[in-house]
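Enquirer: Spelled out, the chains give:
Number of protein chains: 2
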Amino acid sequence: METSNGVFKGILDRFNGITVESEHEYNAADDFPEKLKRSLDYWQRKRNRAIWFKVNEKHSNWIPALTENGFQFHHARDGYLTLVCWLPENEYKNLPPCAHTMLGVGGLVVNKECKEILVVSDRYALIPNSWKLPGGFIEPKENLVESGIREVHEETGIETEYETMVSIRHSHGGLFDTSDLYFVMALKPKNFNIKRDEREISKAKWMPFEEYLNHPHVHETNRNFLKIYLDYQKCGLCFVLQKAKHQILKKEYCLYFMKSILEESGQGEVVKEDSKNCDK
Amino acid sequence: METSNGVFKGILDRFNGITVESEHEYNAADDFPEKLKRSLDYWQRKRNRAIWFKVNEKHSNWIPALTENGFQFHHARDGYLTLVCWLPENEYKNLPPCAHTMLGVGGLVVNKECKEILVVSDRYALIPNSWKLPGGFIEPKENLVESGIREVHEETGIETEYETMVSIRHSHGGLFDTSDLYFVMALKPKNFNIKRDEREISKAKWMPFEEYLNHPHVHETNRNFLKIYLDYQKCGLCFVLQKAKHQILKKEYCLYFMKSILEESGQGEVVKEDSKNCDK
Numbered sequence: 001m002e003t004s005n006g007v008f009k010g011i012l013d014r015f016n017g018i019t020v021e022s023e024h025e026y027n028a029a030d031d032f033p034e035k036l037k038r039s040l041d042y043w044q045r046k047r048n049r050a051i052w053f054k055v056n057e058k059h060s061n062w063i064p065a066l067t068e069n070g071f072q073f074h075h076a077r078d079g080y081l082t083l084v085c086w087l088p089e090n091e092y093k094n095l096p097p098c099a100h101t102m103l104g105v106g107g108l109v110v111n112k113e114c115k116e117i118l119v120v121s122d123r124y125a126l127i128p129n130s131w132k133l134p135g136g137f138i139e140p141k142e143n144l145v146e147s148g149i150r151e152v153h154e155e156t157g158i159e160t161e162y163e164t165m166v167s168i169r170h171s172h173g174g175l176f177d178t179s180d181l182y183f184v185m186a187l188k189p190k191n192f193n194i195k196r197d198e199r200e201i202s203k204a205k206w207m208p209f210e211e212y213l214n215h216p217h218v219h220e221t222n223r224n225f226l227k228i229y230l231d232y233q234k235c236g237l238c239f240v241l242q243k244a245k246h247q248i249l250k251k252e253y254c255l256y257f258m259k260s261i262l263e264e265s266g267q268g269e270v271v272k273e274d275s276k277n278c279d280k
Numbered sequence: 001m002e003t004s005n006g007v008f009k010g011i012l013d014r015f016n017g018i019t020v021e022s023e024h025e026y027n028a029a030d031d032f033p034e035k036l037k038r039s040l041d042y043w044q045r046k047r048n049r050a051i052w053f054k055v056n057e058k059h060s061n062w063i064p065a066l067t068e069n070g071f072q073f074h075h076a077r078d079g080y081l082t083l084v085c086w087l088p089e090n091e092y093k094n095l096p097p098c099a100h101t102m103l104g105v106g107g108l109v110v111n112k113e114c115k116e117i118l119v120v121s122d123r124y125a126l127i128p129n130s131w132k133l134p135g136g137f138i139e140p141k142e143n144l145v146e147s148g149i150r151e152v153h154e155e156t157g158i159e160t161e162y163e164t165m166v167s168i169r170h171s172h173g174g175l176f177d178t179s180d181l182y183f184v185m186a187l188k189p190k191n192f193n194i195k196r197d198e199r200e201i202s203k204a205k206w207m208p209f210e211e212y213l214n215h216p217h218v219h220e221t222n223r224n225f226l227k228i229y230l231d232y233q234k235c236g237l238c239f240v241l242q243k244a245k246h247q248i249l250k251k252e253y254c255l256y257f258m259k260s261i262l263e264e265s266g267q268g269e270v271v272k273e274d275s276k277n278c279d280k
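Chains A and B are the protein sequences, given in the same order.
With our numbering applied, the first sequence corresponds to residues 1 to 280, in that order.
With our numbering applied, the second sequence corresponds to residues 1 to 280, in that order.
Possibly wrong hints are sitting among the right ones.
Since copy identity is lost for identical chains, a pair holds within one copy or between any two.
[To be verified] In silico DSS-like links for lysine-lysine, alpha-carbon gap of 27 Å or less: (1) Lys259 - Lys9; (2) Lys227 - Lys35; (3) Lys58 - Lys93; (4) Lys203 - Lys190; (5) Lys205 - Lys58; (6) Lys195 - Lys245; (7) Lys234 - Lys37; (8) Lys37 - Lys203; (9) Lys115 - Lys259; (10) Lys141 - Lys205; (11) Lys93 - Lys243; (12) Lys141 - Lys250; (13) Lys112 - Lys259; (14) Lys259 - Lys234; (15) Lys250 - Lys234; (16) Lys35 - Lys58; (17) Lys46 - Lys251; (18) Lys251 - Lys37; (19) Lys132 - Lys250.
Quick caveat, the hints were computed from the structure, so don't treat them as lab data.
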């Protein structure tokens, strides 16, 4: 904690930066611009580097004075805006970027026995009446697989379990000018009766592979995901998930990597599939 | 374009939302809080749903009046803050999340002939003196592979080319309370003389596989990435990159998926490696 009389208190980080949180430091009685200038002089003398201000929505009247004093918006989320000011004059400004990529998931839900795939049509689709994979945005702090299973269930009522990651698509210039990472995963259905989310989904159904692979309203990229998945089945390829705990940070993480199933189950032997209920 | 006298002009989206940009609508002569209230009344009558304000840093004196009138911070980036207000009273607030995940890359740069791996020690490392893979944050609009190649080159002076994705690690509660997606990719070195970035990297060297796999200052997860990669080599597994263009959006994207190389090069035959220069 960096502190001195008449100067904002902040947390010192290992890069010699300071973070001030309005939640702790806001005082309506302060002359904010005056105290800010005094603090900046102090930090300059102390050779601090990046100065971060984390401003709660309730304290947004701090923001105009911060931008007038050289602070720039860094990121905003969960009711606060973080601004940053880089103090060293002769040192390269080395700051981490803000999060700039949206994460999405698509569920390739395949009924192997009936050779059918679960497809939906979005109510607010970019291309009206197109058939696509159920899916959506990954929520903050959500794991990829949990997100895929949740989205498929919300949109179609189908419960699933993870089988393999199929493909990752990365593109730029999306919503809010972010980039987009879209994770397509194969999910094994546990039930087959569709109960669609009427708010978001206008149509949902099981579509035969043959129809899906040739349908004019299925986008080529989406058709491709099924082809890739069917190839994996032939070659015995799987992108598995392993959960583990970081030994030092004591944080759980998910690790994804490839695995050859043929390897495990013996030379060239195709892995047996469970028999599935086809009554829908 | 939604417009009426004395009301902000904004862009109408397909969800019946409105986006107002300060860049186009800022006028120092306006009574901003008054015009904002008039606009909100107008949009309420027109049954608009989400109202987005994109506020440039230069116009940050708009922000206090926006938060006082029910707007919430959504995201900030590139010199602007976007706030949102959801107008429908009896409809579930269905807004996309902001970007909440930082993307990082790690380069597993392997000299196959000498059985050595490129390792670095960060100047500001969380665990001082630990050996890790060269890498860092992916910049906005950067592709994963380009980012890995750039980071390895910046930190060590080694030029590389993409070989395969090795693993993806996903964890939560990181920097700025974001989540973290870390893409580890195998990169083939084209030169071997290290020229380290003295600003960020305190040490860099080629370390023999045996030493790396047993070194007390190499974190277990990092050791694991090399083991996974060596397994891929044995099984002939590859996570390939294909660039393509979206037919409708005319946007380029990167597609990553698994491939079995043994399949292609004949049953069980190990793919031949190029002979490498081992003089470092």
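Enquirer: Among all the numbered hints in the text so far, which are the ones the structure does not match?
Expert: Result: hints 1, 2, 5, 6, 7, 8, 10, 11, 15, 17 and 18 break, sorted rising.
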